[in-house]
Amino acid sequence: MTTIITKTVTRICLPLVILFSISLLLAGHNNPGGGFIGGVMFASVIALTYIVFGIDHIRSFFNPDWADLFASGLLLASLTAFAALPFGHNFFRSAVEFLHLPFFGEVELVSAALFDLGVYFVVIGSLLSVLKNVGDDK
Amino acid sequence: MNNTLLSLTIAILFGIGTFLILRRDIVKVIIGLSIISHAVNMLIVSSGVFAGTKPPIITDDGGHGASETTGTIFTDVLSENILAPITTAGHSVNYVDPLVQALVLTAIVISLATTAFILILAYRIYEEYGTTDIKELRRLWG
Amino acid sequence: MDSFTAITLAVFLPFILAGILPVVEKVLKNRIGWYAAAVALLSLILVAQVAPTVIHGENIQGSIPWIPSVGIDLSFYGDGLSIMFGLIVSGIGVIIMAYSNGYMSKREDLPRYYQQLLFFMGSMLGMVFSANLIQLFIFWELTSITSFMLIGYWRNRPMSVYGATKSLLVTATGGLFMLAGFLLLNAMTGTFDIPTILHSESMIEFIKDHELFIFALILILIGAASKSAQGPFYIWLPNAMEAPTPVSAFLHSATMVKAGIYLVARIHPMFSGTDAWFILVSGVGIITMLVAGFLAFRQTDIKGILAYSTISQLAYLMTMYGYTTHIHPGIGVAAATFHLLNHATFKASLFLVAGIVAHETATRDITKMGGLRKEMPITFILATIGALAMAGIPPLNGFLSKELFYEASWEMGAELGGAFTFVIPALAVLGGVFTFAYSIKLIDGIFLGKRPSRGLPEHIHDPGWTMILPTAFLALLIILFGLVPSIPAHYIIEPATEAILLEPVDLHVSLWHGLTPSLAMTIVTFILGLLIYTRYDSIAAWQNRFNSKHPMISVNYFYDAAVNNAKSTTFGFSSRMQPGTIKTYVTALLLLMIVLFIIPIIVLTPDIIPSTLNFDIQAYEGIVYLFMIVAALGAALLPRYLPAIVSLSGLGYLVGLLFIYLQAPDLALTQVLVETLTTIIFLLAIVKIPQKFREHITPSVMTRDLLIASAVALTVFIMMINATQGIVPPFESLSHYFIEKSIPLAGGHNMVNVVLVDFRAYDTLGEIAVLCLAALGVYNLIHSRGEEE
Amino acid sequence: MKRYIPYAVILGLVWCFVHGTINLNNFVLGFIFAPFIMIPFKPLYNFEHDFSVKRGIKKIPPLARYSFVLITEIIKANIVLAKIVLKPKMDIKPGIIAVPIRTKTELGTTVIANTITLTPGTLTIDISDDRSFLYVHTIDASDPDAVARSIRDGLEKYVLEAFE
Amino acid sequence: MNIVMQHLPIILIATPILMAALMILLRSKPRFQKDLNVTVSFLLTILSALLLLQVWNSGIQAYGVGEWGKYGIILVADLLSAGMVFLTTCISFLSLIYSLDYIEKRSLNSTYYPLFNLLLAGLNGSFLTGDIFNLFVFFELLLLSSCGLVIANEHGGVTRISDKMEATFKYLVLNMLGAFIMLIAVASLYATTGTLNMADISVKLSAMSAAGTMPWHVFAIALMFIVVFGNKAAIFPLHYWLPDVHPSAPSPISAMLSGVLINVGAYGMIRVFFLIFRDTLYIFQPVIIYLALATIIIGAISAVAQTDVKRLLAYSSVGQIGYVFLGIGLGGMYAITAALVYLVNHAVAKSMLFLSSGGIIHHAGTRDMRKMGGMVDSAPLLASMFLVGTMSIAGLPPTGGFIAKFLLFDAGISEKYYFEIGIALFFAVFTLFYMFRAWLLMFWGEKRDVEKYGEYSSHKASSLIVIPIIMLASAVLIFGLFAEPLISLATATAGQILDPQPYIQAALTEVVR
Amino acid sequence: MISMFTFAITFMVLAIVPCIYRIIKGPTIPDRVVALDAMTVVIVVMLAIYSFDRGSAFFMDVALVLSIIAFVGTVTIAKYLDEGVVL
Amino acid sequence: MIVDTILEILSNIFLVIGLFFVFLGMLGLVRLPDVYNRLHTTTKIGTLGAFGVMISILLKVGFSPIGVKAITVGLFLLLTAPIAAHMIGRAAHRHGVGLCDESVVDEYGKVCTIKK
Ligand code: NA
Ligand code: NA
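Line by line, the protein sequences give chains A, B, C, D, E, F and G. Residues 1 to 138 in UniProt numbering are what the first sequence spells out, letter by letter. Residues 1 to 142 in UniProt numbering are what the second sequence spells out, letter by letter. Residues 1 to 789 in UniProt numbering are what the third sequence spells out, letter by letter. Residues 1 to 164 in UniProt numbering are what the fourth sequence spells out, letter by letter. Residues 1 to 513 in UniProt numbering are what the fifth sequence spells out, letter by letter. Residues 1 to 87 in UniProt numbering are what the sixth sequence spells out, letter by letter. Residues 1 to 116 in UniProt numbering are what the seventh sequence spells out, letter by letter.
Any given hint could be a false lead.
[As the list claims (entries may be wrong)] Below, a list of computed lysine-lysine pairs in the DSSO-like style, where the Cα atoms sit at most 27 Å apart: (1) B:K135 with C:K106; (2) E:K460 with E:K34; (3) C:K567 with B:K135; (4) F:K25 with C:K688; (5) C:K106 with E:K447; (6) C:K567 with E:K452; (7) C:K688 with B:K135; (8) D:K42 with A:K7; (9) C:K26 with C:K106; (10) D:K157 with D:K58; (11) C:K441 with C:K374; (12) D:K93 with D:K76; (13) A:K7 with D:K93; (14) E:K105 with E:K460.
Hints listed in this document are in silico derivations from the structure and should not be mistaken for laboratory results.
Please take these sequences and the hints and turn them into a complete structure.
This is the structure in structure tokens:
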């Protein structure tokens, strides 16, 4: 078992890193980052909690089905790509919209971001599914 | 990106990886594959073709729509033998080649997936065979 | 109905009507044999219906489009030769099917039996009427397959399976060679159409002068010889006797084995008249005739005698088709064609008799029989007619064709001159001697002499009329053809001979020719035949001694050795080729890459080192390169897993650092993340892999591996320094497009990300699918244990 | 919901920091995300006592004091170690000693442990099962009691003030 | 319907990916999972037929994913790719039906459907893509999905799990190496031409060739692709993984691997060499021919040595793919036609044989042919189906295999490759020998020693297992009896292959934003 | 004239030498892990300098990610060493 | 103006000191006798040096993205470095890595052996 010291710092890191991962996901289109990088970041911090607190302990309160997550990610990604078809466009045709929101100012809405979200889910889901499957294997 | 010493390094990594995949221990083989995968990734990046110095992230845009133009014509008129893109003479680009980086990203992710699979496979093989020696891993032969 | 339709129907009706046999069986039950006979009769009628047209010198031709893109149509050609074969095939077919009603037990799988017989008959008819070499080949191989199925009719008996396998391997293989011959013929003439070649003198001239002539001839003759059991290919026929006797009578005496003869006759116009033709066809024929004749004489199994006799008789035909003389160019051909017809009648009748005898006595061993003439008088008479015809006793048809054979041999000998003047006729006589001897042996062994005290059933009698009548009909033909030879000669042999020689033929056959050399040869034959028959025991003793001393003088020895040892021999090869260790496989791949890489260097002799190499780097960059090499070496050389993995991880971070120098922040991010995750998974894996094994690398292995590794490194290096010279002007990278359109069209500043999620998002879709696959695969790996629930 | 507020505030700031631009937009974004991140991991965090602004403000001076001491100690530590590393002859007397601690909360224990690690010559190796001792590796273990004393009197006091 | 017709190429690739995701999400509802997948798979078969029809009627279709034209990724459906896709969807549909009864429930309901769908996506994607890097991505998709499927559990458990893993490991290592080499080649190609679009590369390389500025290393790149595709197709000396992997997989997957997956290598070879590296043909053609001959020899001789029915079939695949490559290497119009016909016939026959072998294994409870015998009485249907396949592989009429061999030999001889065809012919005899020997060992001869090996299973193969076999066997016969449609299709395809201008025209005039 | 940047980067690269030495030399596994961890710190510093020199924050992101992920890695290896398991 | 100059000088000093300390920390890896002592130099000197460099950058660029991120990185290192050191040290000891010969006391070792 890891010590209280490690656990405490992991507790501190966990939200920070998750936040960072979301930041990387959202920033990806204009800055380094994106779905994959954000996803790996997320997966590694969950892995860290698994490692530090023990997979069974984490699972007692936080036990998403990672397979469902990566499947949904793949579904989301492919549906995003399909979404262009009803509009008379080719598969994966992207759309860019610039929205003016009252508080945030100009916000760029990119259909590709939805795809990137799918990537994000797939990365998180698949990596953690691997870790969980192997970790469970006694 | 004509960099001979980098090419040499990549080649040497290739050699080292090759040496490892010729070993008898499957874990060593996998390590060898990892090294080669690094080498390949670097190789792809170094085959980028722009001599730019900036990362391929456009920073200086004054609002959407405007951006750096590269002075390039993009048309394909096969009948007239015009093969896009065609740049104006003496043109130089600030960025490094974004395409190769995207390719490498894909390659890295794929090799992560493959490596994960092959590692767990090695783990199961050990469970089944009780060894990691490739010489004993030859029930299938002849 | 026009002739073409009639022939088409004659060929395909057996297939179609056989196809519905299982349905017919529901109605007719055990009597489907008669249905089959009716089908055969239908074909016979259809063939006979067109015969007059052909006899009048008019050939039948027509085609249905089949594979026009390679110039192969379903086309039929009916000339005298085809019609003769068509009549034999369908005629004997009727007899055999009828006979089978009595022969085949009701307990047998009759639908299968008749179905295969009819398939065979259809294939045979298709073969003889094919106007097209490829079509001919197709039907040819179909006869091989149906023969295979019929020989293996009793499919659980090892000897049946052995015989069936042998026949298939020999004949189908021969067929493949024949196909190659046809292809060469096509390469020479540009057509597969037989009539086209036959009717073009220039083409035939061209073939004979062509450099591929001899190859085509040999290949086609291999096919013919294998089918007709000539030369070394004879070995399958004796074993084919495992088939039900009617099958042997039909396929392995009267019809299928003559396919090779048919082929020789068919290609006669294209290839004959050359030395090669004579040497190959007649040479092989004579040797086979003598050897098989002797072996037939030595058999004790009735069907064994008949089988070897068939081989020997077919060799007669071969020999004669090889003869071409200046004075009577057609004499050999005519003799062969006549003998072919006669052989079909007497050999089929003998087989049917053999079937009757075996059916009644429950044995086929001639040494266990004797004196049956009293118990089965009708059978005895029929057998005697057949045997005497085979022995060449007048006034039966066998005598006539043997006379022609002797005449042709005499003339051929004279034509060649020198020693051949007597050698050729002498060899022919020797063949006749054996024939005479085993024919007598057959009758003597079964019907004459004393009935053995033990081994035979109590009550032996003539069979029912279903078996007698067909046999009797054949015997009738034997006598008819002998007494009135002008009927077959005029209506069958002449048209057939004309078809082969491509010129009008006037054939005069009669019982009395006058005092000719051939008459003398016949008399010598009878005397010598009687003589060696009486000396049978000493000859047998001599041969047994010889065989035990020289077991290798047997084609069967080689066949069995090849087939039985095939697995063990090839296993040695295959286990050396496929040693099972992945190292070999990897080495092969790498060596192939290296070798292939060298090819352009050798062929083009380029400057493999470009002149514009750039060695200009910052010092720190160089040091990082060095670090990477050191870290990689660490990962390679550290003997234990964990240190190696730590070193590998270090390499990964350094690669990330390098990506920074290469202006790739996204890559660096991904690299360090992936590196760490890889390390975690490495640790997960080695948790359960304690390092028990440690490789001891011998110096020789080390040297070899280092050589391979260096060669790979060199290959990559040369590839890279050349490839990184930049895009060949005037072309440009399409990355320009991304720089220009990233923001306006995709709304993103990070071009790498835009490429990933927009321009090449499709790649990324594949990439995330790969990630899912890894997860699914790992799930499968972990959950693959244990039994199914 | 109230107890999320401190976390939300912190995460709002974190968002600004990782994003690199400190402005209201970013803060609000982080603030909004915070609950969603925290809820699944609720059991990992101690939500017993509600957050009070007053208490938070009261903690600022001790925190500042602690930070100041920490920084000076760190600098000292570095200079000491730099000397050791640069000295041509290694004459150190390292060892692991047990140091009793008075902190009770997990955060306090962690902070003191980390502080010890960051300060001169000491490095927390482990904590005893009852959390009353820290096992500290020290480069100069010639007088273990002195080390333990200096920790108790120096750093631990400030940690207790600021974090408990 | 119109929208479907417009997007046929991508639908054939993306739908399986979508289905894979759905199948994972639906894994708690096995019935629905099964029904949905079978339905969609069937529809895909129809759609692929429509695509082929569309290409046949209105020429080569290019589809720009994301409407980026050659700057993104385009899919190109010409007769070759559309034909391959049609073949793939047909065989995979039948294999899927077969799997429903053959694969053990715990695999079937957890990972089998998604893996199978991704395999299909990988195949269709590899065939349709017009982008060389995308080809790499889909190769990886193929690799990992087939690895996952090889270790899927099947009923009966005749194949040891350890064997599956050993085989998978070898497969994976060799293919990872292949992938690395492919990346080197692709990167070098990009560095030389500045594009990844195959049509574009082709245009640029021909222009370089015409101007005399083509660098020599393009030849080296071309030859590296032989390693890449040769590895996928398992030609000598890259065949080693095949005899280990194909038999270890569950039979429907063996059918997919041997029937379809190795064709990817042949396809890639044709596509890359006749589209991109036309100007280097004169160097690589002899190389391919001799590698093909070596492959034929190795496959033929090794197959004779086998006693395991699936391993025998696998070696036979090695030999047979050698014939396909011989056709590719000969390179003329007729030879390519022959190679394509050969490929299709082999695909159909071999998948049928592997599916039958699954039935045989169920029946006999072993893969060792020496422990079988006389099964013709207890399994007459399998016997006749296997015989049809045997005849086709052996090249006997009236099966498609004969037509294929005939065309190939004729093509070779008409192009004066006498020696090469001689070798090929000689080893065709081996094929005949080992195929019939196998059939005889299993179905004829004395019934097996019951005391030693136990009774044959009395369990009758269900219609899910029988129907796919019968359908494929009928196809084998149809290709033999009515060969003209296939040959004309192959001829038209060969025409497109040898004249890449229409392909380039279609690919590069795709609308670009 | 060597710029400040080149000097700093070169200096940091030289700081990696001891890390690599320890990674290779060991002698114990913890030694290697310490060295690996230390190497990431140096790389982080290099990234920071590089980022500053280029005036772009992109490389800073890499530095942040590296410092986080290296922590994860170190904890994992340490736990493995300590308990012989990872998860 | 003067403020700028002072900041510039200060930042350069921080930079030089930071770099120097990072280097020293790494040098410690070679010079110090065992893993525990090496942990001292890398975590303390290395981290502080890194922090110094980050401060220097912050001083140079102010609260621009680069500066803010730099200080984020620095803080994160300060937070995690001790934990890493603690984990490694603990693991090393429990893994059986003994203290160097110069060591004078090992109170933890006793506890460990009792536990085992
Ligand atoms: Na790696
Ligand atoms: Na750290």
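Hint check:
no. : hint               : verdict
1   : B:K135 with C:K106 : violated, 60 Å
2   : E:K460 with E:K34  : holds, 22 Å
3   : C:K567 with B:K135 : holds, 25 Å
4   : F:K25 with C:K688  : holds, 25 Å
5   : C:K106 with E:K447 : holds, 23 Å
6   : C:K567 with E:K452 : holds, 22 Å
7   : C:K688 with B:K135 : holds, 20 Å
8   : D:K42 with A:K7    : holds, 14 Å
9   : C:K26 with C:K106  : holds, 14 Å
10  : D:K157 with D:K58  : holds, 16 Å
11  : C:K441 with C:K374 : holds, 18 Å
12  : D:K93 with D:K76   : holds, 19 Å
13  : A:K7 with D:K93    : violated, 31 Å
14  : E:K105 with E:K460 : holds, 19 Å
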